[in-house]
Amino acid sequence: MSQLGFGNVMKVARWEFLKSVRTPTFIILTLIIPLIMLVTAGVSYLSAQTADSESVELAVLDHIGDFYDELTEHVDRQQEVNLTIIRYEGPQEHLESEVTAGDYDGFLVVDEEAVRTGDIPYFVSDIRDASPQVLSGLLSASVTSYRLQQIGLEREQIDEATVPVTVRARPLDPDEGIGSIIGPLVVAMILMFSALFSGQILMYGVLKEKRNRIVEILLSSISSVELLVGKMVGYGALGLTQIAVWVGAGALVAMRFMNLSQIAMGPGEIVIYCAYFLLGYALLASLFAAMGATMKDAEEGSQAQGLVILIPIVPIFVSGPIFMAPEALWVRVLSHIPPFIPATVLLRMASTQLPVWEIATTLIALIASVVLFVYAAARIFERGMLQFDRNISLKEIRRMLSS
Amino acid sequence: MVKRGELMAEMLAVRNLTRSYGDKVAVDGISFSVNRGDIFGLLGPNGAGKTTAIRIIMGILASDSGQVSLFSGDGPDDAGTNRIGYLPEERGLYEDATVIDNLLYLAGLKGVTRAWASREAMEWLDRLGLADEATRKVDQLSKGMQQKIQFIASVVHRPDLLVLDEPFGGLDPVNQDLFKGVIRDLQEQGVAILLSAHQMNVVEELCDSIFMIHRGKRVLYGKLDDIKRGYHESILRVRFAPGEDAGFLERYTGAVVMESREDQVTIRYSGSREVEELLRDISENLTLEEISFQKPPLHEIFVRTVRERGDQVEPAGIR
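Those sequence lines, one after another, are chains A and B. The first sequence finishes on residue 420 if you use our numbering, and the numbering steps up by one all the way, no holes. The second sequence finishes on residue 428 if you use our numbering, and the numbering steps up by one all the way, no holes.
Treat the hints loosely; a few may be bogus.
[As the list claims (entries may be wrong)] To give an idea of the chain B side of the interface with chain A (calculated C-beta under 8 Å), a few residues:
hint: 1; residue: I169
hint: 2; residue: L215
hint: 3; residue: K219
hint: 4; residue: W225
hint: 5; residue: E229
hint: 6; residue: V291
hint: 7; residue: L295
hint: 8; residue: E297
hint: 9; residue: G299
Derived from the structure by calculation, the hints contain no laboratory data. Positions of the beta carbon are idealized from the N, C-alpha and C atoms, including for glycine.
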């Protein structure tokens, strides 16, 4: 097959990148995703704010007499809910009328029986407005405290006994934070998006060059491998540019809600993820380019492309079983089958610590398959690009690869 | 202007080139060479194997056997392909890019610098009346304008060998003349031009040497003048005094009357007598007013040569 010169590859890559980065499609698509992210985040933030700022006013019909004071103390201590409680002295029927009239959001009825059983009646005019889960923690703490008081414990003793219990998982390796879970997942998603988007533009670019016949002029100046690799690099850079914009926008949005240092990754992890990402992209891009070279028009392209897109994202469809059993034999086998390697391995990395030997074997399999795919794609590309007026059959593709 | 000694420098040599597609032999052992300053015609009907031969020369297709030698070296390598300009039959440009961007990119792939290519491109655009279109997108231009841009793309890097596959296809007569003029100018500058065409009248006007191909095989090859001179038939048109009888020509050995009127007869002569003898016989029998003697047009030579070999030529194939 023909030679591969770095200079020519870069000329093609530069042209493809600059030509596509200025197109309205690219600009709109690149900006629209962060915009959707911002709008979605904004809407959820605003609705959370609104929910927080809503105040709830409850009446308490305390038949015991001193439970109200205990409840007041707990209401004052908590900060989650903007809750006001008011002791009600009148009969329950009047209170029901006042709640119906909207004077209160609801009322609680507390008596000896309720405190003993823990079943505290909570009345609201419309059951859909009731949020018992908001009150349950508060009432649970108040009732427990009240019971302990009745036993004769002092306030300090009660506070000591009722310190809330939380369970927080900690990794044995202090360096392994949430980043080791989110990192591979993010990389897997980015790989799919980038491959999908860049691969699609790459394939349509190849089809376009076939359709407008410029490919023959190009192939008279540079080799088909240079053209193919140049396109892969150019469109890869295009995909990375888009991802940079998306990740940048995503990070800005995420900063609003979480501490980004939690998902920070070590340099080793970054290198490994980047290797899977770049090799995975090269694998899929060569597949897309070869497909473009075998087709006559864009309509054919979109049908066949749908099938090719499905192949690399198969691991995403079975991500549940992969998460559940990342060490299963079938998952390990899937990790070494070329089109599935990047997504499967990254998903596994999110759920378990992969042994070094397996990272090595999957990377070796990936590198070997990239070389093989690019070589095969170049052969198909070389022969298919000059078949202007027809689709290339599978039989012909087989012949191209074997000759 | 090219010096006399430089003219013989061999820019392209093709030896025993063969290429098949399955059972079909597209190019069958053809050999020819093109020298500096030559306009060389590769002629033949559609499907004769011209484009396949050209694609092999350009390194786009591989041959099954045979050799292509460029600039007296071996095969197309980087330096070699950079010295060739190519206008393929299947033409195209990036329609969504500007004229100048197209030209600079294609010139860049030929190894010339952006600044140099930019200067050359503007000169060519100016020469072909397209200077104002440099920053317009290609899809905003007419077909004729696009063809001119494609031609510029093939010469903007100042090639030593220019390969033009059907350059006059789709051109109106005005632009055909314009292209002919440019091709002659390039020849003057010493560029070797390989021109493939099926319009033989156009080639006859331009070419010094020709290679006629049919079904992948050589039909005729050599200097155009030599081929015509060596062809055994001649066309003789005689105008004589009205009322005289030119019937003797119908019985004349080697003569076939093509057209006969009251004072004029046209014959095709392929006999063994010298032309002078034939003229003497005619002047003895008729009072001559005008006589013209010429070789048949190239397309006729082609068709007859093919038929004499027992082969067929598709009528739509050549013009």
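Now the hints, each set against the structure:
| no. | hint | verdict |
| --- | --- | --- |
| 1 | I169 | 5 Å, holds |
| 2 | L215 | 6 Å, holds |
| 3 | K219 | 6 Å, holds |
| 4 | W225 | 15 Å, violated |
| 5 | E229 | 16 Å, violated |
| 6 | V291 | 18 Å, violated |
| 7 | L295 | 18 Å, violated |
| 8 | E297 | 24 Å, violated |
| 9 | G299 | 21 Å, violated |
The structure does not agree with the numbered hints 4, 5, 6, 7, 8 and 9 stated previously, though it agrees with the rest.
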